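Chains as they are written, first to last, in this note's numbering: chain A, 4 to 469; chain B, 7 to 392.
Careful, some of the hints might be misleading.
Stated by the list, open to error - Taking lysine to any residue and the SDA-like style, the derived pairs with C-alpha atoms no more than 20 Å apart in a straight line are:
1. A:Lys166 to A:Asp374
2. B:Lys160 to B:Ala216
3. B:Lys160 to B:Ala108
4. A:Lys106 to A:Ala228
5. A:Lys106 to B:Gln55
6. A:Lys166 to A:Lys106
7. B:Lys160 to B:Leu240
8. A:Lys106 to B:Val336
9. A:Lys166 to A:Ala228
10. A:Lys106 to B:Pro46
11. B:Lys160 to B:Val251
12. A:Lys106 to B:Arg152
What the hints assert, rightly or not - Examples of chain B residues toward chain A, derived with CB under 10 Å:
13. Ser40
14. Arg69
15. Gln86
Stated by the list, open to error - Computed beta-carbon distance windows for the label pairs:
16. B:Gly267 to A:Ala310: 52 to 62 Å
17. A:Asp296 to B:Glu308: 47 to 57 Å
18. B:Asp335 to A:Ala310: 33 to 43 Å
19. A:Ala310 to B:Arg367: 57 to 67 Å
Worth flagging that the hints you see were computed from the coordinates, not collected in a lab.
None of the values given here were measured: they were computed from a predicted structure.
Ideal Cβ positions, reconstructed from N, Cα and C, are used throughout, including at glycine.
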Amino acid sequence: MTPVTRTGLDPVALDTLRGIVGERYVLTSDGDVEVYSRDATPLFRGRPDAVVLPASTAEVSAVLTLATRLGIPVTPRGAGSNLAAATIPEHGGIVLVLTRMNKVLEVSGAELLAVVQAGATTAALSDAAAAQGLLYAPDPGSRTVSTVAGNVAMCAGGLRGLKYGVTRNYVLGLEVVLPTGEVIRTGGRLWKDVAGYDLTRLLTGSEGTLAVITEVTVGLLPLPAASGTGVAYFDHLADAGRAVAQIIADGVLPATLEFLDNRCINAVEDFAGLGLDRAAGALLLFGDDGAADVVARSLERMGTTCAAIGARGVTTARDVAESEALLTARRCSLPALARLAPVTMLEDATVPRPRLAEMVDRIDAIAARHDVVCATFGHAGDGNLHPTIVFDPADGDVRERAEAAFADVFAAAMELGGTITGEHGVGAAKRPYLRARLGDDQLALLRRLKTAFDPAGILNPGKLGS
Amino acid sequence: MSGPDDARDEAREDAGPVAPRGIFDPDLLSACISCGFCLPACPTYSLTQDERSSPRGRISLMRALEEGRLDEDDPTLVEQASFCLGCRACEPVCPAGVQYGALFEQWRDHQWRGRRAPVRARALRAATTVTPAITAAGVLRGAARRTGPADVDKVHLMLGCAERALFPGVSRAVVELLPGAVDVPSGQGCCGALHGHNGDSAEGVRLATALGDRMPGTVLVTAGGCATHLAHVLGRDRVRELSEVHVERWDAAPDAAPALGEVRAGGRRARVGLQDSCHLRNGRGVVRQPRDLVARVADYVELPSAGRCCGSAGTYAMLRPEDSRAVLDVHLDEIEAADLDHLVVVNVVCQRQLVEGLRRRRSRTTVLHLAELLAVALRAGCGPPA
Ligand SMILES: Cc1cc2nc3c(=O)[nH]c(=O)nc-3n(C[C@H](O)[C@H](O)[C@H](O)COP(=O)(O)OP(=O)(O)OC[C@H]3O[C@@H](n4cnc5c(N)ncnc54)[C@H](O)[C@@H]3O)c2cc1C
Ligand code: SF4
Ligand code: SF4
Chain A
4 MTPVTRTGLD PVALDTLRGI VGERYVLTSD GDVEVYSRDA TPLFRGRPDA VVLPASTAEV
64 SAVLTLATRL GIPVTPRGAG SNLAAATIPE HGGIVLVLTR MNKVLEVSGA ELLAVVQAGA
124 TTAALSDAAA AQGLLYAPDP GSRTVSTVAG NVAMCAGGLR GLKYGVTRNY VLGLEVVLPT
184 GEVIRTGGRL WKDVAGYDLT RLLTGSEGTL AVITEVTVGL LPLPAASGTG VAYFDHLADA
244 GRAVAQIIAD GVLPATLEFL DNRCINAVED FAGLGLDRAA GALLLFGDDG AADVVARSLE
304 RMGTTCAAIG ARGVTTARDV AESEALLTAR RCSLPALARL APVTMLEDAT VPRPRLAEMV
364 DRIDAIAARH DVVCATFGHA GDGNLHPTIV FDPADGDVRE RAEAAFADVF AAAMELGGTI
424 TGEHGVGAAK RPYLRARLGD DQLALLRRLK TAFDPAGILN PGKLGS
Chain B
7 MSGPDDARDE AREDAGPVAP RGIFDPDLLS ACISCGFCLP ACPTYSLTQD ERSSPRGRIS
67 LMRALEEGRL DEDDPTLVEQ ASFCLGCRAC EPVCPAGVQY GALFEQWRDH QWRGRRAPVR
127 ARALRAATTV TPAITAAGVL RGAARRTGPA DVDKVHLMLG CAERALFPGV SRAVVELLPG
187 AVDVPSGQGC CGALHGHNGD SAEGVRLATA LGDRMPGTVL VTAGGCATHL AHVLGRDRVR
247 ELSEVHVERW DAAPDAAPAL GEVRAGGRRA RVGLQDSCHL RNGRGVVRQP RDLVARVADY
307 VELPSAGRCC GSAGTYAMLR PEDSRAVLDV HLDEIEAADL DHLVVVNVVC QRQLVEGLRR
367 RRSRTTVLHL AELLAVALRA GCGPPA
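Work the whole structure out from these sequences, hints included.
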């Protein structure tokens with residue numbers, strides 16, 4: 004497929020767009036497009052020619068029909084919180100922002116599902132579910148900001164992945180607009196439905212390259228009666244990794260197993276002031292939910308295992324507020340690390356759980372070899388690590404060293420049977436490494452799939468499937 | 007493994023400003039990592055769901071200004087510098103510790119310098135610089151009586167240029183609450199908070215310093231916005247806000263605390279809500295104290311948006327009345343739904359905003375400054391300690 008190149012939008016096309024969504028919702032001035040030129044990924048920026056904020060599926064359809072007809076690139080965007088440069092409009096064109104379509108349309112206790120518009124935030128969905136005694140399980144660290152469609156498009160994970168899985172496990176159905184303008188519904192309200200290819204799953208994690216999601220139907224669970232959280236401190240991050248392996252080997256499958264190294268502990272403590280042990284080499288946050296006695300037993304078992312592995316201290320949160328504070332602090336790890344230096348570059352390498360401690364050691368060695376400051380945190384229970392290199396760009400060739408270090412991290416992850424990204428996606432940021440992970444034949448299939456959905460190649464060009 | 011390809015290089019930007027213009031403190035500007043955690047806290051983003059009117063979007067604009075990609079005449083920059091409430095709700099929620107308030111002042115200093123500022127902002131800046139005019143307004147409206155030059159042994163009550171004219175009862179209530187402990191020095195002038203937030207932070211610092219010189223020692227302030235600005239210039243130790251002072255005093259010496267009665271309404275303990283002062287909450291971190299005091303004398307009701315800006319935002323209600331009302335409406339809805347007897351405020355501009363808003367809606371809820379509520383309780387109790 005030939006990539007669409009930046010052409011600028013002609014005045015007629017702009018007028019048509021204004022006719023579709025209304026004058027106020029087509030932004031084109033330099034200042035307007037500037038704010039939609041980046042997402043949460045450091046060091047990437049790309050200017051769109053126009054920003055369009057539709058209010059309905061019909062408007063999205065009209066915009067895409069026009070774009071396909073004229074060959075205008077369209078990059079869908081939710082909250083712009085992704086960490087893979089997935090919303091950077093590398094080829095200009097339109098950034099299509101779905102935040103105005105942000106309603107929670109329905110929560111059904113009888114059917115254990117919810118229906119939301121694309122731009123509803125993850126937190127709004129989970130609050131609406133909780134109000135009816137129900138749980139929306141996926142909870143990415145960015146839940147207060149990220150949109151549900153953005154979660155679906157990235158197949159976001161979260162802090163409960165170990166027991167509950169990730170976004171993909173909860174998407175029952177989608178309403179999407181194809182790049183050619185047709186509106187289709189995949190899946191639906193049924194937990195069982197095998198009519199046709201599983202397009203719902205294909206679209207989950209498609210990073211805005213196959214279709215624009217306008218409505219999402221997700222599955223819910225009954226809200227657990229109780230939940231609890233504990234903290235164990237270790238001298239080394241690798242010890243925390245060993246504790247994770249042991250906890251699971253013991254037959255406990257808790258909701259949450261997250262870890263932070265010493266640098267992260269200190270950055271988070273600077274922000275949240277929870278009284279964490281700043282001298283510890285690592286912190287393991289463990290949590291579970293369910294019936295009160297089951298939770299208590301599970302926390303106790305995890306605490307005992309940590310102590311046996313050599314934890315320097317184990318505490319459990321006294322109440323829900325304290326639990327919530329700990330989880331909130333964990334969610335803030337990445338931005339809190341920004342306190343250390345102007346640039347924070349984070350990665351998302353994931354390895355099979357038993358190799359976690361080994362991967363941690365490798366990351367340490369790689370950081371030392373390239374002379375970079377690396378802080379590591381992550382969803383330990385999922386084998387998902389976020390090594391984060393912090394640096395001041397004024398410091399010579401540090402950026403090249405950081406990139407070289409990450410290339411080694413990916414290679415190490417794959418050597419251990421892992422992957423280049425567990426949950427943050429490929430976007431523009433990890434595209435150079437995709438071939439190594441998928442191989443030529445699979446890449447070619449991705450391209451053919453992309454063409455089947457998007458014959459004109461207008462949707463998020465340059466990303467997956469290009 | 008292949009290296010980064012060309013398209014990637016094209017989309018990447020060079021870290022660090024190309025040719026910094028020196029409008030912003032570079033360390034403050036580089037602290038933001040664009041994570042977006044601040045979006046849900048921002049009242050203007052809540053109104054629009056549009057990144058331009060979010061803290062992260064505004065910081066992107068500031069960066070483009072600093073790096074020369076946009077100039078100060080860009081309509082989006084002009085609009086967003088004015089649409090921002092300056093409420094700083096984006097600060098405490100930012101894990102990276104971005105000091106948005108400071109960046110905002112630097113932005114307005116540049117964007118609104120001299121004649122570039124909106125006409126009404128210029129007029130207000132000028133009016134509040136003239137001490138005799140402010141003093142006259144206070145005298146006419148019957149604010150607390152000046153007691154002459156500052157008495158070194160006492161805490162000095164700052165009268166506040168808007169408050170003494172609009173709500174003179176507040177300073178009188180403070181004197182009633184702290185008999186013998188406060189003096190009210192004459193010839194006070196403006197603290198400069200208004201200038202600091204309206205594109206003239208140098209004048210803001212000058213006025214605060216001058217006020218500090220006229221009132222050596224501890225200054226007691228009844229308006230959250232003024233307290234935070236003054237403390238920023240004079241140092242936190244020298245400037246105390248009303249609720250902080252009371253909670254501290256009464257906790258330190260419970261026996262010396264006055265016997266407070268109950269504030270009652272309709273034959274029962276009154277239902278009272280609170281509107282935080284943004285700068286007091288987000289800049290100074292005072293959250294617990296005013297709630298604590300209200301709960302001592304009435305049934306405290308936490309409104310869902312108690313901690314969010316009411317839209318008064320210094321001069322904002324005068325400069326952008328429509329947006330100000332849109333922000334306020336959320337609060338008015340909540341106040342009406344909660345069926346409050348009183349709504350307590352800790353800042354003069356919030357007081358004006360809510361009084362007018364509730365009057366427009368013919369609401370039964372009355373607005374009281376915290377000092378006024380406590381004075382009612384004092385009168386209902388046995389009065390000051392012997
Ligand atoms: C501090 C922080 C913590 C994070 N924690 C986690 C975490 O724990 N787990 C995790 O998985 N991720 C995490 N993320 C990454 C990010 O929040 C997720 O990828 C999230 O799903 C992005 O949602 P968004 O609405 O911001 O999407 P955007 O960033 O706007 O878009 C992401 C992708 O989805 C596409 N897209 C958006 N909306 C649509 C639509 N309606 N139709 C089709 N395509 C669309 C875009 O084109 C883009 O490719 C974190 C990010 C930050 C900054
Ligand atoms: S200001 Fe803070 S919370 Fe907002 S985007 Fe920047 S780093 Fe994130
Ligand atoms: S100061 Fe208030 S209005 Fe301005 S960006 Fe921050 S939260 Fe939004």
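Could you check the structure against the hints above and give me the numbers of any it violates, in ascending order? Of the numbered hints given earlier, those the structure breaks are 1, 3, 4, 6, 12, 17, 18, listed in rising order.
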